[in-house]
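Next come the chains, spelled out residue by residue.
Protein chains: 2
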Amino acid sequence: MTAPFDFAPLLAPGTPAPAVLWKGFPKYNFIGGHNDAKHVPVEALVAAATAVLRREGATLATYGLNSGPLGYRPLREFLAGKLADHAGITCSPDEILITSGSMQGLELVNSLLLAKGDTVLIEQETYSGALTKLNKLGVNVIGIPLDEEGLRLDIVERTLADLKKKGITPKYIYTIPTVQNPTGAIMGEKRRAALIKLAAEYGVMIFEDECYSDLIWSGERPRSIYSMAKGEGVIFIGSFSKSIAPALRVGYIVAKWEVLARILGLKQDAGSGALEQMVLAEFCTQHFATHVPKLNKTLRAKLQVLREALAEQFGTAAEFGDPAGGIYLWIKLPEVVDSQKLAQAALAAGVSLNPGPEWSTNKAYARNRLRLCFANPEPETIRQGVAVLAEVCRREFGVPLRSANVDRKS
Amino acid sequence: MTAPFDFAPLLAPGTPAPAVLWKGFPKYNFIGGHNDAKHVPVEALVAAATAVLRREGATLATYGLNSGPLGYRPLREFLAGKLADHAGITCSPDEILITSGSMQGLELVNSLLLAKGDTVLIEQETYSGALTKLNKLGVNVIGIPLDEEGLRLDIVERTLADLKKKGITPKYIYTIPTVQNPTGAIMGEKRRAALIKLAAEYGVMIFEDECYSDLIWSGERPRSIYSMAKGEGVIFIGSFSKSIAPALRVGYIVAKWEVLARILGLKQDAGSGALEQMVLAEFCTQHFATHVPKLNKTLRAKLQVLREALAEQFGTAAEFGDPAGGIYLWIKLPEVVDSQKLAQAALAAGVSLNPGPEWSTNKAYARNRLRLCFANPEPETIRQGVAVLAEVCRREFGVPLRSANVDRKS
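So the protein sequences, as listed, match chains A and B.
Residue numbers for the first sequence follow my numbering, beginning at 1 and rising by one.
Residue numbers for the second sequence follow my numbering, beginning at 1001 and rising by one.
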């Protein structure tokens, strides 16, 4: 009765490789969208949890609380106000669906629109999680090159025209227009307007991902595409992962009710976690507006530490910009560097990083590029981690030529 | 730029119908797995949230806290202990994966094993959510009739033999052996042992769903199938929805690490909600053992209220058992009754119920059966709701013949 059971013959085709048992975070953690631990507003979250549980805790006895499947209504009300102030979006709480992180938002939008063999346009450099999901679905993914404002519209237009000749209508254009991941680009309103016009002309939806848009140093940003299009032909997703805490898996979708009703028909999970929604609503209503600028001040300082450390350790071998927000820096190293090999060697030395090819549809272009996230490590850890990375890179690829602060044996 | 956008041509094939905007719960709510509102342990949850946030709140800044993708380790440690005491399961915290409700557990196990056209065996009467997911996957679902102990093994055996002749190995046998949903049956250990033997002989996995096993009036239960098989060939799922609160979307999968590593490879959601896991771990470690018996006492009393109300209002027209646990009663009405039509008419009168065909693979058998959940409504609401239901049933189908407590105009 307890003989080993061989389950391998029962696996569905295409099952991914088994996961490896987690052994803890690396010492120098430059991946994963983690955030600044000192800025988790612990006492305010305690106060929020206490107040909301005492007031409404009994509603946990019902699926969806007393708010139905769109999610906790006070959180949707907060979001409607925040999105109006911040992104220029006019929407009702019934045009907002709370999701279990923006990951679920991505999955739901994909489920709504995509079947195997469909075509989508995305930014050539983009969020690896979005790429992974699209590849898993067997979708034809066309990457559009970026410039300092993001999506190059001349190439979007040419691609749409070429596809039209072949009788293909892409299902959506996926964009992160506000603090693009990983480049940090912010698309101006003029280009947004042109993109809306182009998408409407070709009957393609725009899928706007605004996970990082709260993290802009100046606090000022262009209106969202959703806002400028008055929601027509646009689905918008956002998240609290970056502005409050990533372990709280709370994101949201904004769409016209006709679209959202379809998405809601697909969300068969009996709702997203209620306690997180309740605590977030209670916290954000009081503190979001003051919390985010404080966080941004710290993030901006960490970015400068990272940029200085890179300049010090890599000299001219590392090229990078000065993004106006976000938690990551996109870096170009000399052509001799293979960032995937670098990532492996660096991990063995305690440094985790995102190699470029995982964040791009153009593997050759991204081969010598990489993404470093700077929100989680403390400034001194950033400095040390970049020094270790430079050492590994020099050992593996001969660049940077010399180290700034340590004599090397090699 | 703001002309209406027609997204209908872009929808993936087979997209479900749009959801209807939620308008609140019905007055007499006998569906949905909701629980007793008075037993949400609000003050203990406040204390748990306060303690755990003060101690570990800063870890919310990292995905997966400091526990990795299997979920918050103290919750997995609590579960390992609880499952040992309660279900006889010996497993390590690394053989437990925290999920966003047991719904995600169902989805992950299905993703692991099932492709379109595969065959599975399930209990003829079963959880409608499981049925819906299987139908969506295009799986060949074979329902096995039940008796007072659950799955009829004679029919399981005959079915497995018949399939083998056709060269078909079912992927799994899905069972809710401990407080079966909806019949309330509890499978004895002798039958469990025979089922394990049979499944091993045919190389079929057993998928054991124990969402309700905490809610047994006596507090005593057979060992789990997982325990008796020492985990070989069995995947086990459970939930905190029924024992603590359904709006907390926290469930779990128990499986041998080789199996769990494969499932973990499929779980691409950046983890389940951390706050719920943290608060549950803190609460359960201190209070689970005393909380559950108190809840069960109330549930048992509500079940008796429901049974008495049915006897009073329906007389011999309603046939039902006296389940030893759970939150639902499975009821047979006279053959003249179509429970799906009854559900529609009852809802118009403020009474929600689960019509039998939604909870069975045998639509004809289940036509005049229905499920009533008794955990959420207060005793007086149960009595009133059953009276309204009897009135609607009499009006629509002529049974029950007379009402016990009210004179009718008709």
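Worth double-checking, as some hints may not be accurate.
What the hints assert, rightly or not - Using 27 Å as the maximum straight-line C-alpha spacing, the simulated DSS-like pairs for lysine-lysine come out as follows:
(1) Lys136(A) - Lys164(A)
(2) Lys1190(B) - Lys1230(B)
(3) Lys256(A) - Lys1136(B)
(4) Lys23(A) - Lys1256(B)
(5) Lys116(A) - Lys1230(B)
(6) Lys1256(B) - Lys1294(B)
(7) Lys116(A) - Lys363(A)
(8) Lys136(A) - Lys1116(B)
Honestly, the hints are just simulated from the structure, not real lab data.
Now the hints, each set against the structure:
{"no.": "1", "hint": "Lys136(A) - Lys164(A)", "in the structure": "holds (25 Å)"}
{"no.": "2", "hint": "Lys1190(B) - Lys1230(B)", "in the structure": "holds (16 Å)"}
{"no.": "3", "hint": "Lys256(A) - Lys1136(B)", "in the structure": "holds (26 Å)"}
{"no.": "4", "hint": "Lys23(A) - Lys1256(B)", "in the structure": "holds (18 Å)"}
{"no.": "5", "hint": "Lys116(A) - Lys1230(B)", "in the structure": "violated (40 Å)"}
{"no.": "6", "hint": "Lys1256(B) - Lys1294(B)", "in the structure": "violated (33 Å)"}
{"no.": "7", "hint": "Lys116(A) - Lys363(A)", "in the structure": "holds (22 Å)"}
{"no.": "8", "hint": "Lys136(A) - Lys1116(B)", "in the structure": "holds (16 Å)"}
Of the numbered hints given earlier, the model fails hints 5 and 6; all others are met.
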